[in-house]
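Sequence lines, in order, name chains E and D.
Residue 31 is where the first sequence starts when you use our numbering, and the numbers rise one by one after that.
Residue 62 is where the second sequence starts when you use our numbering, and the numbers rise one by one after that.
Incorrect hints may have been included.
Below, in silico cross-link-like pairs of lysine-lysine (DSS-like), each with a Cα-Cα straight-line distance of 30 Å or less [as the list claims (entries may be wrong)]: (1) D:K132 with E:K477; (2) E:K380 with E:K294; (3) E:K477 with D:K218; (4) D:K280 with D:K85; (5) E:K477 with D:K79; (6) E:K477 with D:K280; (7) E:K193 with E:K175; (8) E:K459 with D:K79; (9) E:K477 with E:K448.
What the hints contain is simulated information worked out from the structure, not anything from laboratory work.
For reference, the chains in residue letters:
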Amino acid sequence: MINKSKKIIDTNIKIAIDKPYKYGFSTKLDIDTIEKGLNENIIRLISKKKNEPEFMLNFRLKAFKRWKNLKSPYWSNLHFSEINYQELTYYSAPKTKKLSSFDEVDPELLKTLEKLGISLSEQKRITNVAVDVVFDSISIATTFKRELAEYGVIFCSISDAIKDYPDLIEKYLGTVVPVNDNYFTALNSAVFTDGSFCYIPKEVKCPLDLSTYFRINDQQSGQFERTLIVAERGSYVSYLEGCTAPQYDDNQLHAAVVELIALKDSEIKYSTVQNWYSGDKMGRGGIYNFVTKRGLCSESNSKISWTQVETGSSITWKYPSCVLLGDNSIGEFYSIALTNNYQQADTGSKMVHIGKETKSRIVSKGISAGNSINSYRGLVDINRKAFGARNYSQCDSLLIGNSSNSNTFPFISVQNSKTKVEHEASVSKIGEDQIFYFQQRGIPMEKAVALIISGFCREVFNELPLEFAAEADKLLNLKLEGSVG
Amino acid sequence: MNEKIPLLEIKNLNVSIKEIQILKNLNLIINKGEIHAIMGRNGSGKSTLSKVIAGHPAYNILSGDILFNGKSILEIEPELRAHMGIFLAFQYPVEIPGVSNEDFLRLAYNSKYQYEGYNEINPIDFITLVNDKLKTVDMDPVFLTRNVNEGFSGGEKKKNEILQMSLLDSNLSILDETDSGLDIDALKIVSKGILQTLKNKEKSVVLITHYQRLLDYVKPNFIHIMHKGSIVKTGDATLAKKLELTGYDWLDDL
Chain E
31 MINKSKKIID TNIKIAIDKP YKYGFSTKLD IDTIEKGLNE NIIRLISKKK NEPEFMLNFR
91 LKAFKRWKNL KSPYWSNLHF SEINYQELTY YSAPKTKKLS SFDEVDPELL KTLEKLGISL
151 SEQKRITNVA VDVVFDSISI ATTFKRELAE YGVIFCSISD AIKDYPDLIE KYLGTVVPVN
211 DNYFTALNSA VFTDGSFCYI PKEVKCPLDL STYFRINDQQ SGQFERTLIV AERGSYVSYL
271 EGCTAPQYDD NQLHAAVVEL IALKDSEIKY STVQNWYSGD KMGRGGIYNF VTKRGLCSES
331 NSKISWTQVE TGSSITWKYP SCVLLGDNSI GEFYSIALTN NYQQADTGSK MVHIGKETKS
391 RIVSKGISAG NSINSYRGLV DINRKAFGAR NYSQCDSLLI GNSSNSNTFP FISVQNSKTK
451 VEHEASVSKI GEDQIFYFQQ RGIPMEKAVA LIISGFCREV FNELPLEFAA EADKLLNLKL
511 EGSVG
Chain D
62 MNEKIPLLEI KNLNVSIKEI QILKNLNLII NKGEIHAIMG RNGSGKSTLS KVIAGHPAYN
122 ILSGDILFNG KSILEIEPEL RAHMGIFLAF QYPVEIPGVS NEDFLRLAYN SKYQYEGYNE
182 INPIDFITLV NDKLKTVDMD PVFLTRNVNE GFSGGEKKKN EILQMSLLDS NLSILDETDS
242 GLDIDALKIV SKGILQTLKN KEKSVVLITH YQRLLDYVKP NFIHIMHKGS IVKTGDATLA
302 KKLELTGYDW LDDL
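Chain E with its partners taken away, still in its complex shape (with noise of 0.2 Å):
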C-alpha cells in the first residue's frame, strides 16, 4: 500500500528534536574530594578547607540547623525519588590551585574548557565578556579581573570575596534570600563551596559582560554555588550564566542561590542558557535542579531583568523572582523553558510590588516536547502600599506531539485598588498544517520547526545578549531534533 501514514510523520519529527546531549563527556582529573555525607563535621571542614572566616561558618551552621528542621517542597508538579542527602559528596575540586598564570591550570581541565567553548587563555578568549569558571566545587578561573579592577569592578569568585571583601559579604550575603527561605536556600547557605561575586561601584557601567560557566564533573557531588551581585547608586552591569554537565545513568543535584541587589537608579541584567545533562531519552540520569533566584531592587528607580532559556535537567524549580521595594522600580522576567523526553521543569517568576509606581513584566515561553512536563507558576503579589503598580503577564505554551504536558498556574494577589495588572496565556501546538504549509512552500520539516520555535521565542531572544541570542537558538534547535514529523 502506497501510504505515507501519520506515524512514519511522528517519528520523523521526533528524530528532529532529539539530537545528543553534546557535553556529555567526563574529564578525569586529579581530584581533591571529602567523604560523602552531611553534618555539623563536614561543614566545617568545607568552611575549614576554604580558609573562611568566622562569620562564614557561623552563616552556615546556623543554616544547616535551620535546614535540618525544613521539608522537601511538595507542591511542584514534579515527580522524582527522594534525595539521600547522606550519599551525597558536598565538596569535590580539581587540585589546581588558582595560579598567576593559566598556563599552569591541568591541561585536562583547559582541553575540557576548549570543548566546552570556553578560553582561558590571552589570546583566545571573548574580548568583550569576562568569564569566571566553577568546576565542581570551585572556581578556577576569572578572566579580566585587573582590567575590571581599573573601573573599581569586583569579579571574583564568592570564595575569594569571602576572604577578599568579608565586609561587603557580610553586608548583603542573605539579605536578599535568608538563608531559611526555603529547603534549598538552607542547604545552599550550609554548604556552598563556590560561586561567583560582582560588585559594581557607584556611576559605573561595567565596561564587560561578566559571565560565570558552571560545570558539575565529579558523579557523586553536589554543585551548590552562591552568587551575589551589588550594583551600586547609578551603575549597570549584564550578567551571563551557562552551564553543562556530563552524562551520567544517575542524578546530580544542583542546588543554587542567586542574589542581586540593585541600588537607586542602578540596573542588573542577569541573563541564562541552561543546559544540564538532561538525562537519556528513557529519562534516566540527569541534573536535579533547585534554584532560588531573587533580586531586590532595594532603591527608587532601580532595574531588574532576569533572561533565562532553560533547556537542560532532568528537573527544573525555580523562580527568578524581584522584590521591588524602591519606588519606581522595575522588574523583568523572560523565560524560554524547553522540555523533551522526560523532563520536568516547574518554572516562572514572582514579582512582589512594594514601592509605589513599580512596574513588572514576566514573558514565559514553555515548549513541551516527548513525555516531558512544562508548567509555569508566578506569582504577582501587589502590597498595600505599592500605589500605581503594574504587571504585564504573558504565558505561551507551544506543544510538541500528542504526550507532552503543559501547564500554567499563575497566582495573582493584589491589595492596592490603584493598579493594574494583566494577565495574557495560549496554548498552541506545532501542528502537521502548520508544517505541511512550509513543505508546501519548498521548505523541509527541519527548518519549519526551527523557524516555529525561533518565531515563538522571538520576544525572549531580544532580551539576549548578541553572542547568546544566537547560541540560544542554536541549542534549543539541537535539543528539539527529531521530537516533531
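Starting from the known structure of chain E, fit chain D onto it as the hints suggest.
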C-alpha cells in the same frame, strides 16, 4: 497550443483519511497551458484532492497513481513536490507568529531556486524582486515586515498566497477557494495575479471555486464537477453558468 503534453495525470485515485474514504476512482488529466476549474458541493472532496496532490501526510492513498511530468509522485515528500513545480494556494493559510513574511518568502524562494541549482539570492536583490511582485497584488511593502499571516484579514491572507504563487512561479498552481470571501477589488487583484502566471503558456492552473465570478476573469478550458469523491461531469465554461441557475440538486439523480 496544438500538441497536448500532460503535466498532471491522476489515475483511478482512491484516498481515505481516518478510515473514511474521501476520493473514489478519481481520474483527471491536466495538460500544459490549461486552466481547469473544479466545482462541487462542500464536502465533495475538492480540498482533499488538492492536498493529496501536494502530498499532505494525513491522507492514505489506497490505490491509483498521480503522475507529474510523467513521473509518479506518491512517494515524494511535499517539499520536493513543491520544488518540482506544484504550488497550492491554501483555503486557510496558517499563521506563523514571530516569523516575518519577508524571511518566510525568502526562505521559500531560496529553497526552490537552490534546488534548481542556483545560488542563494542575497537579501537586497530579493527585496527588489519581491517589491515588484507586491505591486501586482497591490500590497504595501509594510506587509513584508509583519509576521506570516498573523493578524491578516481574510483578503490579505489570500493575496499573500497569490504573492507566493507569483514569486515561486510554479508549473502547476492549485488555488483552493482563493476567491472565497474576497471583495470585488481583491478578486480583481487575485485574478490579475493568476493571469500574470498564465502568460507563460507552459503553466497550468487549477481553480477550486464555488463561484462563477472568478471564472468571469479567468476563463477555464474545462470545468469539472465533483460529487462524493469523483469527477462526475466535465464540460466547458458554460457549465459553470448552468450551475449558477440549477444548483447541485441534479447530482443526486446521477
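Hint check:
{"no.": "1", "hint": "D:K132 with E:K477", "in the structure": "holds (27 Å)"}
{"no.": "2", "hint": "E:K380 with E:K294", "in the structure": "holds (21 Å)"}
{"no.": "3", "hint": "E:K477 with D:K218", "in the structure": "holds (22 Å)"}
{"no.": "4", "hint": "D:K280 with D:K85", "in the structure": "holds (28 Å)"}
{"no.": "5", "hint": "E:K477 with D:K79", "in the structure": "holds (28 Å)"}
{"no.": "6", "hint": "E:K477 with D:K280", "in the structure": "violated (38 Å)"}
{"no.": "7", "hint": "E:K193 with E:K175", "in the structure": "holds (16 Å)"}
{"no.": "8", "hint": "E:K459 with D:K79", "in the structure": "holds (20 Å)"}
{"no.": "9", "hint": "E:K477 with E:K448", "in the structure": "violated (47 Å)"}
Checked against the numbered hints above, the structure violates hints 6 and 9; every other hint is satisfied.
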